[in-house]
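Engineer: Sequence:
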Amino acid sequence: MALIMGIRSHKLLFAIFTLLLLLKPALGFISKVGDDNVWCIERERQALLEFKESLIDNTNMLSSWGSEDAKKNCCSWEGVHCNNQTGHVLELHLDFYGLRGKISPSLIELHHLTYLGLSGNDFNNSQIPKFIGSLSNLKRLDLNGANLSGPIPFQLGNLSHLQYLDLSWNNLKLVQNLEWLSHLVSIEHLDLSNLNLSVANDWLKVVSGLPNLSELWLYNCSLPLATTSPLLHINSSKSLTYLDLSNNPCINSSIFSWLLNSSTNLAYVDLSSNQLQGSIPNVFSDMNSLERLYLHDNQFEGGIPKSLGDICTLHLLYLSSNNLNGQVLEFFHNLQGCTKDSLESLHLGGNQIKGPMPKFAKFPSLRELDLSNNKFYGSVAEKIETLYKLEFLDLRSNMLEGVISEALLSNFPNLYYLQLSSNSFTSNFSFDWIPPFQLNDLYLRSCKLGPHFPNWIKTQKNLIFLDLSNTRISDTIPTWFWNMPFELHYLNLSQNEIKGRLPNIYNIFSNLAILDFSSNRFEGPLPAVSSNLTSLNLSKNKFSGLNSFMCSITGGMMHLDLSSNNLSEEIPDCFMHWQELEILNLAHNKLFGEIPRSIGSLMRLIALDLSNNSLSGELPGSLQNSTMLRFMNLRENKLSGRIPAWIGETMSSLIILSLRSNKFHGSIGLQICLLIHIKYLDLSQNNISGTIPHCLNNFTAMAHKISDVMTDKYSTWNGPEYSFYTDYGKYSDNSLNIIVGWKGNVYEYGKNFGEMRSIDLANNKLTGNIPEGISSLIELKALNLSGNMLTGIIPKNIGKLEQLESLDLSRNRFSGSLPASMVGLHYLGYLDLSYNKLSGRIPTGTQIQSFNPSKFMGNAGLCGPPLIEKCPEDVTSNVGGSKNHQEDQDGGSKNHQGDQDEFWKCLYVGTGFGFAAGDLLPLILRPIHSLKISCWGASFKEDFRIPMLVGVQV
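One point on numbering: in my numbering, the residue at position 456 of the sequence shown is 456, and numbering is uninterrupted.
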């Protein structure tokens with residue numbers, strides 16, 4: 001019987017197995033088994049292969065995906081996770097695989113998919129597929145930074161089981177509303193950072209209605225100002241633990257009323273880089289789980305509320321870059337509740353906190369302390385010496401003083417970041433001191449370290465950033481420094497008196513991106529440097545050998561400053577190797593010859609300074625390829641030819657253009673008026689002829705207040721100040737300067753260029769009138785047209801230039817009267833109208849009468865204050881007798897006396913020019929009735945003749 005049952009059992013098993021084979025195509029199984037428990041579904045395998053076909057896999061991350069026999073089990077493929085029992089594909093983990101292409105609709109076959117991670121790949125600006133909304137079992141969808149564009153498909157609202165959604169950092173279309181999001185009732189983690197939600201006015205209402213939301217990330221979304229209501233408070237999610245609304249300029253303090261009612265479980269709150277104003281509110285007092293609070297880069301005022309000092313869980317507090325002020329004692333007293341025991345990071349940099357450096361002994365857990373850019377003063381050592389856990393210390397840009405000793409720093413064995421720059425510290429380290437820490441960042445700018453190079457730095461093997469600028473080092477760089485195993489990224493030894501020659505550092509610091517050795521006493525040939533260098537500043541030294549330097553380097557350098565050296569040669573024609581260059585400064589050398597044609601290879605060039613050399617010839621036509629130029633300074637050379645029309649036609653982004661003191665000739669073409677962004681135009685001291693273009697009113701930046709800030713992925717240009725970005729942060733360079741003719745003198749402007757707007761066409765051969773349109777440049781600060789042959793009248797509407805501070809029209813041939821509107825030039829601090837043919841009364845105004853009379857000399861017909869010469873209508877004529885003899889005698893005698901006093905002043909000055917008082921005495925004794933006297937170039941005339949006194953000032 002048992003035998004019969006056994007046979008039947010085997011037959012049954014055989015039948016079942018046969019049935020499975022017959023049903024295999026219908027069920028989707030494949031014959032290959034991944035392991036003892038997982039079967040790969042053929043339909044899903046084919047869907048994955050089709051998905052792979054739509055991708056470019058240059059890194060071979062999907063090499064395990066294939067149709068070969070050894071690769072038929074899709075459950076063993078890279079990034080694929082299957083159900084251990086059914087073999088269905090549940091998860092695709094393909095984040096940051098370097099994939100390119102499109103997301104194939106074949107994935108719709110993965111009906112059981114719960115996890116789809118495609119972040120960090122490149123889908124070539126394709127759209128988010130609508131079919132993803134049909135993957136009804138999805139719990140996690142991560143498309144972060146996947147180069148997707150187009151709208152967010154509303155079908156995503158069908159994913160009712162979705163718990164995690166990240167669409168951040170894509171190029172998605174402006175989001176009109178978030179109504180689709182309200183259907184994701186299971187959502188716990190939502191990240192839409194860097195998407196444009198500027199018109200999604202329902203954002204606050206929608207997120208408030210998501211009952212399970214615990215993490216909300218809306219960084220840099222241009223969120224609109226949302227009005228809160230009691231309804232939002234009732235529906236607000238009580239499960240929020242992480243909240244990031246940072247970098248949304250429309251977010252203001254009204255958000256606090258929503259935050260007050262949203263959740264008491266918040267552990268992480270980031271409201272930085274918004275428009276939060278007033279005092280820091282007390283809304284955080286009930287957040288018993290709060291660990292990290294970021295409120296930096298806002299406009300908060302006042303002090304720290306006492307409620308922040310009572311959050312016993314608070315580990316990190318960022319309040320930097322606000323307008324916080326108040327007295328130090330009260331400021332830190334409010335933090336001395338239970339927060340003082342838990343606080344590990346305190347960042348207060350960039351405020352206006354004033355007072356003596358406080359003691360931090362009551363904050364034993366502090367690991368990070370940032371007090372930079374405030375107004376703290378006094379000594380430091382005894383105030384921080386007990387912070388034994390300190391890892392990060394930033395005290396830069398205060399008024400602190402005293403000795404920084406090895407005894408103090410030895411208390412911080414975990415220190416990796418030390419920033420003490422721009423104070424009045426003095427160092428006291430023994431030659432053989434070995435610190436207990438290993439620094440990554442060391443900034444000691446303007447501390448007193450010298451005269452010797454600090455020897456203890458050779459113990460720091462992990463340095464990435466090193467700044468010893470302006471530290472009074474007058475030594476040579478020791479040999480051991482060049483042999484250190486540094487991974488230096490930033491090295492600044494500028495503004496010292498370090499001498500000697502530099503070795504070729506091509507292979508010494510191969511990771512170095514920024515090198516600044518400017519303002520020292522280095523000499524010899526320019527060193528060979530690494531091709532990884534982003535910024536090199538060797539200005540204000542005694543280097544030579546430009547040719548071998550420039551023609552031996554290739555790479556991605558963006559900033560090169562070799563100004564003020566001993567470069568005495570032609571500029572080598574090697575710019576084709578420097579195509580990433582944005583800043584080129586070779587000013588103040590002895591360079592000669594023509595500007596090489598290869599300079600046209602610098603198509604990313606933003607600033608070019610070749611001033612104060614002996615360059616000659618015409619501007620190369622290839623330069624017009626540099627269409628991004630904002631700053632071009634070629635002053636003080638021997639350049640010749642006509643001013644090229646292409647400057648206006650192809651360089652419309654120019655803000656600063658100086659061709660001063662060259663040999664340019666010909667007329668100024670109308671194309672110059674295409675420079676709508678120009679703020680500073682200097683064509684003075686050339687041989688330019690013709691008329692002033694009538695279209696100067698097209699200089700938009702001189703007629704309106706517009707920003708000239710230019711920002712891209714790699715750099716920011718703001719006037720002559722240039723900032724560039726690297727993997728380690730943002731760095732600013734202020735080495736670009738422009739010489740401005742200002743109020744009769746010349747000044748050097750750099751980062752303080754600010755709102756300067758100036759036109760200088762002085763000392764040329766210009767003829768014709770001043771264009772009427774110049775009066776529309778109402779933001780103009782300085783106008784210099786002196787030393788030309790200009791004629792006609794001064795424009796009647798010149799008074800519209802209300803911002804004008806300096807006006808020089810001297811040494812021309814202007815005629816007519818001064819416009820009455822000039823009295824409206826309230827900011828005028830310098831005026832020179834001398835040596836023209838102007839006439840009439842000088843308009844009466846506070847500013848004009850305050851100028852030295854010499855600024856009006858050489859105009860025979862001008863009269864009135866500040867000139868001594870009176871206008872004819874101001875002089876009472878007594879010809880023909882007086883109706884009242886006594887009045888004539890009294891009043892007349894006073895007038896005569898005044899005229900005689902006026903005359904004597906001129907007479908005494910005149911003796912210096914050969915006039916004899918005895919020769920004129922008989923003339924003085926004659927009755928004088930209506931004597932008109934001028935010491936400013938006019939004749940003495942009335943009833944007698946007196947020699948003319950010209951150009952004499954009393």
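Wrong hints could be hidden among the right ones.
[Stated by the list, open to error] Calculated cross-link-like contacts (lysine-lysine; reagent style DSS-like; alpha-carbon spacing at most 30 Å):
| id | residue 1 | residue 2 |
| --- | --- | --- |
| 1 | Lys448 | Lys306 |
| 2 | Lys340 | Lys306 |
| 3 | Lys542 | Lys663 |
None of these hints come from the bench; they were simulated from the model. Source: prediction; values computed, not measured.
Engineer: Hint by hint, say whether it matches the structure.
Structural biologist: Right, here's what the structure says about each hint:
Proximity of Lys448 to Lys306 is assessed by CA-CA distance (about 39 Å); at most 30 Å being required, the pair is judged violated. Pair hint Lys340 plus Lys306 holds up; C-alpha atoms about 12 Å apart against a cutoff of 30 Å. In summary, the hint linking Lys542 to Lys663 is supported, as the alpha carbons are separated by about 29 Å, within the 30 Å threshold.
Hint 1 from the earlier list is the only one contradicted by this structure; the remaining hints agree with it.
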